[in-house]
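Let's have the full structure, built from the sequences with the hints guiding it.
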Amino acid sequence: MKKYTYITFLFLLIFGLSVNDAAAQRVKHKGGGSRTNTGKSINGGSNRSSSRPTTNNYNKSTKPNKTKPNKVDNSKNVKNSKTNIGNDNSKNVKKNKVEIDNSKKNVNVNVDNSKNVRVDNRHSNRHYNGRRGYHPYHYHPYRPYYYGPHYHPFGFFITTMAVTVIVVSHNNQPYYYDNGVYYVQGSGGYTVVAPPTNIVVNTLPEGVEKITLNDEVFYYFGGAFYVQTKESYKVVEAPDGAIITNIPEGGEEVDLDGQKYVIFNNTYYQPLTQDGKSLYQVVSVVEAEPEETSTVE
Amino acid sequence: MMKKLIIFFIIPTLFIVSCSSDQGGKQYDTQAVANLDNLSELIGNLNSCSYTLNVINAKSKDSVFTNEHDVYMRGPDKMHITSNGRKGLKAYWYDGKQFSCFTYNKNIYDTVDAPANIIAAIDFLHDKYGIDFPAADFFYPRFTDDIIDNYNHVLMMDDETIDQVDCAVIEASNDNEFVQIWIEKATKLPYKLIIGKTGDSNNYYEAIFSNWEINPNLPDVLFKFTPPENATRVELQVKNN
Chain X
34 MKKYTYITFL FLLIFGLSVN DAAAQRVKHK GGGSRTNTGK SINGGSNRSS
84 SRPTTNNYNK STKPNKTKPN KVDNSKNVKN SKTNIGNDNS KNVKKNKVEI
134 DNSKKNVNVN VDNSKNVRVD NRHSNRHYNG RRGYHPYHYH PYRPYYYGPH
184 YHPFGFFITT MAVTVIVVSH NNQPYYYDNG VYYVQGSGGY TVVAPPTNIV
234 VNTLPEGVEK ITLNDEVFYY FGGAFYVQTK ESYKVVEAPD GAIITNIPEG
284 GEEVDLDGQK YVIFNNTYYQ PLTQDGKSLY QVVSVVEAEP EETSTVE
Chain Z
7 MMKKLIIFFI IPTLFIVSCS SDQGGKQYDT QAVANLDNLS ELIGNLNSCS
57 YTLNVINAKS KDSVFTNEHD VYMRGPDKMH ITSNGRKGLK AYWYDGKQFS
107 CFTYNKNIYD TVDAPANIIA AIDFLHDKYG IDFPAADFFY PRFTDDIIDN
157 YNHVLMMDDE TIDQVDCAVI EASNDNEFVQ IWIEKATKLP YKLIIGKTGD
207 SNNYYEAIFS NWEINPNLPD VLFKFTPPEN ATRVELQVKN N
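Protein sequence lines, in the order shown, are assigned to chains X and Z. Take the position in the first sequence, starting the count at 1, then add 33; the result is the number in our numbering. Take the position in the second sequence, starting the count at 1, then add 6; the result is the number in our numbering.
Worth flagging that the hints you see were computed from the coordinates, not collected in a lab. It should be emphasised that the depicted structure is a prediction, and the values quoted were computed from it without experimental measurement. C-beta atoms are modelled at their ideal positions from N, C-alpha and C, and glycine is treated no differently. Just to be clear, a hint being listed does not mean it is correct.
[Claimed, not checked] Sample of chain Z residues at the chain X side, in silico, Cβ under 8 Å:
no.: 1; residue: 32
no.: 2; residue: 53
no.: 3; residue: 54
no.: 4; residue: 55
no.: 5; residue: 94
no.: 6; residue: 125
no.: 7; residue: 151
no.: 8; residue: 241
no.: 9; residue: 243
[Claimed, not checked] Over the 12 Å line for every Cβ pair with chain X, so calculated as not near, a few chain Z residues:
no.: 10; residue: 116
no.: 11; residue: 175
no.: 12; residue: 190
no.: 13; residue: 240
And the structure:
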């Protein structure tokens, strides 16, 4: 009987410990919230064990020894001012009145893998941004960029349009434009589509990138490139050699000549690194020539 | 004489040195541990703070989600977070007694009783409802010891400059996962965090801090939730263990 009591006690002890470990967030923690926190510190003050393992001096590693995921470019997301004090819920509810039907979200209209293409290296003698040719290929994993709650990827479906939408007609087709996103009306709602070339809008959304390429100014947002025409902005084909900082959801990594590129909206982007930043450069691709087959005469 | 010297002095000395430096294959760098301690102490001395956190949460190549959180904390028992991501805008309020959660695009909320301080509330809500608070790791009082307890190697990496921010970089790792922490040299505050699975570059959690404010004056009203009149109360789902 005593034996079973010990086993039960041991089981409870082990079980109790694992429950305690579940108090972890991302790294396992042994809590700390059970301490009486009578001061004003946010966590009751730092606490360190008196029985730590010995530390030694090691040389710095030149590289993290694991595959380090690429950094997120949050330069566009960083808010300079916070005005979120108080519970003005009505304001926020209004802002989010768009009803989203996630069931139709997985429409992928961006990637055409059927093409057999290669990067056009004949363009390497061109000058881009004062440099010759394309920047050196430097792989970094594709991390879809999040533009914020207004942005939706191509193929996304919503049932109700936001009040801020602007209707733009192009080739007799009405497009619903809202914060850099283009919708077309369909059965029961609106689907996000790629902006057609030459469509003109009067405003560009917050977060747009300005790109100067061979003395010409382009604006980039969500995989679309614009040029300014008087008081408006016209969508143009992705300019060969343009460098951008981010690609939104909907792209796909593809292998070309043994290197990984990201294809988004039928444009190929080459990953590169410049001044420690992960960037992409638009590259031109050409149809690959069929491989020669040997013939027996 | 030489033989005795080898047996009684050199061999035991080598053994002791070997044991103390190796610790069963574990490596804890003095500078790395000191940097973590300094960070933990700095956070432990805060009476209030606020920051923005941009998170990438990747479970696989096809499952990558981003979130932006604005976090406000006031010791010992006030917290408010707004989170914007693929599920829309959500906000959380903790006032020392109750915790409220509001989902804007569904117009639903719930309020539950909560423990009496921030860390206890974070643990309670994580355990009961599976709510993960953004980059909460740094706010545990035993942060450095938790890192040491969970990882066999805690080492300094080469310094790195990200977006013109000079950072010291620390990596903690074990056989299965690793944590990389960038500490901004100028402020000594965390700048970036990556937690990843060893050998699986598609599975990771990445967070970048910005807009740090140290000991700001955060009013009580920030931590009080009043549900909108037309909002529906829907019970928070209890986590399945």
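Evaluation of the provided hints:
1. 32: Given a least distance of 6 Å, the restraint on residue 32(Z) holds.
2. 53: holds (4 Å)
3. 54: holds (7 Å)
4. 55: holds (7 Å)
5. 94: Cβ of residue 94(Z) sits 6 Å from chain X, so the hint holds.
6. 125: holds (4 Å)
7. 151: With Cβ-Cβ at 5 Å, under 8 Å, it holds.
8. 241: violated (19 Å)
9. 243: violated (17 Å)
10. 116: holds (14 Å)
11. 175: violated (7 Å)
12. 190: With a cut-off of 12 Å, residue 190(Z) remains clear of chain X, as the shortest Cβ separation is near 14 Å.
13. 240: holds (15 Å)
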